[in-house]
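Peer 1: Residues per chain are reported as follows:
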Amino acid sequence: MRLSCPCCGPRDRREFTYYGAADYLDRPAPDAGLDAWDSYLHLRDNPAGPTRDLWYHDPCQSWLQVERDTVTHAIHSVAPVAGRRA
Amino acid sequence: MRYSGLRVFAQGLAGNRGWKPVWRRPEPKAEYDIVIIGGGGHGLSTAYYLAKNHGLRNIAVLEKGYLGGGNVGRNTTIVRANYFLPGNSEFYSHSLKLWEGLEAELNYNVMHSQRGLINLFHSDGQRDAFVRRGNAMLAQGDDAVLLDREGVREKLPYLDFEQGRFPIHGGLYHPRGGTARHDAVAWGYARGADRLGVDLIQNCEVTGIDTRQGRVTGVQTTRGPIRARQVAMVAAGRSSQVAAMAGLRLPIESHVLQAFVTEGLKPVIDHVVSFGMGHFYISQSDKGGLVFGGDLDFYASYAARGNLPMVEHVMEAGMTLMPMIGRARVLRSWGGIMDMSPDGSPIIDRTPVEGLFVNCGWNYGGFKAVPASGWCLAHLMATGAPHKVAEGFRLDRFRTGQGLMDEEGTGSQHNLH
Ligand SMILES: Cc1cc2nc3c(=O)[nH]c(=O)nc-3n(C[C@H](O)[C@H](O)[C@H](O)COP(=O)(O)OP(=O)(O)OC[C@H]3O[C@@H](n4cnc5c(N)ncnc54)[C@H](O)[C@@H]3O)c2cc1C
Ligand SMILES: [Zn+2]
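Quick mapping for you: the protein sequence lines, in order, are chains A and B.
By the numbering used here, the letter at position 46 of the first sequence is numbered 46, and the numbering carries on one by one without gaps.
By the numbering used here, the letter at position 319 of the second sequence is numbered 1319, and the numbering carries on one by one without gaps.
With the Cβ distance kept under 8 angstroms, some of the chain A side facing chain B (calculated, not the full set):
(1) 18
(2) 21
(3) 34
(4) 41
(5) 42
(6) 46
(7) 48
(8) 51
(9) 71
(10) 73
Sample of chain B residues lacking proximity to chain A, with all beta carbon distances greater than 10 angstroms (derived):
(11) 1109
(12) 1123
(13) 1154
(14) 1163
(15) 1245
(16) 1289
(17) 1327
(18) 1384
(19) 1386
(20) 1403
Rather than coming from a laboratory, the hints here were simulated on the basis of the structure.
By construction, the Cβ of each residue, glycine as well, lies at the ideal position given by its N, Cα and C atoms.
Only chain B is shown next, with the shape it has when bound in the complex (with noise of 0.2 angstroms):
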């Protein structure tokens, strides 16, 4: 069923009794030409890309919950493309573009809203570093505005523009950044892969992968073995468990990242404001919680629930930023598994195992990613080529040290990115 405004109006008049479900629920079928582990954001783009451009029909998209019950849906909705390294620019600067077109692409609602996002600084030194960030954002053909403090305060006159400790100093702006609904973009692709043929199977976990003479040649699930001619292992936080299936021992250590939202407020936060200095960031939902977080509880861990200290951590630098929201109460926290890799940037690529691929290392910044990301994964299964945004993103650049993206040069910890 194709959505529209008319469509809206009649089912108003008609009591809403003619809306179907959104996607089949087929059983697996015993064979598929490509089988993708994961119905995260991007096994879900993935699959409707293979689908969309490349004309394949034949595929099986694998969740062992249910369609974006991962980091797809637990995320802080952040979309932008202020990356500095080239390699990752280029592949944040078409992920924004497809984003921009998506809702028409998809024929539904994500909610993409381009509200501009500000990331702050506070001295002098990290004012050069952002000035240097927001001129390779311009000659990636994408847009940057260096405020300084005055420019700030007009935007966001509710700072705390004196505080001891990080004064004001400026900020870049960023202003086709923003936030979308993550669920719908998650319902959005399955939707869309789903009206291409694509079989989307819920409540199925790949248990394990069968390979012959180095050719992966199907996996095992809850719902029994798969056969298969291609493989994609997109499973986020997940990875190095489904990549030892394979016999494959993965760069990645998986982390818990913290978010927090309060109860519905009138507008009040306008843009997304990110606070490096004090590892905080806040944005606020259509529905008017105001939606916030900061960086990992730094321990390897896959409880998907966060420890007191980083929401102890978290509360004081939105407190320190803006005194305002100390009146505003947390009604919800949550944590999701984040698969980090040693240069914080990620992975699209083959792996030894002929016919499978990997798809991992997003970090905390992969859902701004879902679009490229579905896109090139695609690219490179259908034509055996990597896309050219996404050469960069090899898996042995760590073991040859070469073609490193560390964008923030903290080196090979996993948890420093």
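Bound conformation, chain A alone (with noise of 0.2 angstroms):
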């Protein structure tokens, strides 16, 4: 599996790190109660098919966005978290 990092192009899958669903993304406020938090760290839709999650990538030290597809492992695209769009 291969991961096109927008700093580097693409790079060996050894070189990132999968952090989780980009659910993560989302960090709800700190009194937003025990649903949101649990939602935010423990529940996932978790599909069998197009999924969003986010990776590191090692080498330039960015957080990605990535559309994959879990069944297939085919990579649909790959976006910086940085400066993205709420």
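Join these two chains into a complex; the hints should help.
Peer 2: See the structure below:
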């Protein structure tokens, strides 16, 4: 598997570290309540098919949001997390 | 048909022409008291104990593929009771006791082999942690023996004790740990359940869960709708998809775990050896193959095959620990889809939908749990109260933060357990 880093181009999967689903981008307010925090930290759609998740590219130290398929391992897009529109 | 030595002998004389299929292939009925989704180890043992321990008979197990085609037939077969945290300790202890009587219970040879498990350590800090774990195991009533380096050398002379990165200081020996034949466990429970009247329905995928006013009323399947008063979701790596049919979101992320087996060799590895620092463990099957594995591929996946970097990593760790295995040729590798939970411990509980139960979150350790998991889910469904050794496996512990059981202390990230 290869991911195309927006800074570095197509690179081997071993240069990247997986963090988790893109749910981690929507951090609730500290007082948002148990349900919001449960959803942020634990609950997942966990789709068999297209998904969005977060990866870190170790060489250029950028956080990336990856659209990919959990069944075929095809990568659809890789975009930097920094500067993204909410 | 009851199996016995005499039966094997008589069948041998008669040319083995008298063996019968081991379970029926019934058509699904329009209605059952209890429907179990998933014919893996946990679904089959749940059905068996519902019938055996609680006298319930009108039960169906619905399996989308064939019985034992999921993780129950893909794992590396390690059976142990060396957990540390209250909640897990008593559950796995109960499971190991059930394993010890399983062949007599099922009248089926599951090839349970208590060959002993040795977890290696490589530093003073790790030694202290293992002493603590060993004491917890003894306090639970199970067995643990601390081995120093010479103690390990006596049992495992073939290890590379002086390797630069992780010199071996000793090991925690769990004599009652071992392995079992994974398919046979599925088949044994399937045969046992069938004999007690449970309908085992294969090639029957559940495609919907019907509810009315917050109560479960049945399921939709590729073989038609089936009404039921109670439904249990026991779908391992596919748990999130099944729960979504009832509008539920689970604290589960699915990941691939790979395993490998070599060509058959003469007996060389007598125990189960676990090299935690290298993410590597190994045993030898009765057929002679070296069966070994490592860690997850680390990213969410439903592909029941692995990626090459983890293959390389596992081979490197094996060569570091026991250079002799470099001579063995790897025959096959495969992957299974693991239902990873945020604290690494499982869930056996009710759901917010009345009559609907969930059993999932087994991470990569659910094979050893097969007997106790079925025992405890059956208890919960039949009596309405959790079994005392599974009281900690609550679904809401993540939401409330109370009673989390994070054995490795790695936090809430699903893939780190
Ligand atoms: C490589 C590997 C090594 C492992 N090693 C060990 C080990 O050494 N020790 C240990 O204790 N554990 C180990 N495990 C973990 C263990 O195998 C699993 O935790 C356990 O088998 C999961 O429970 P199960 O047997 O019920 O799952 P499965 O056998 O996967 O059963 C789930 C079943 O549900 C069915 N299903 C899914 N969706 C539907 C649907 N919609 N309708 C109908 N049916 C459906 C599936 O087809 C499947 O048969 C390992 C796993 C792997 C992959
Ligand atoms: Zn980069």
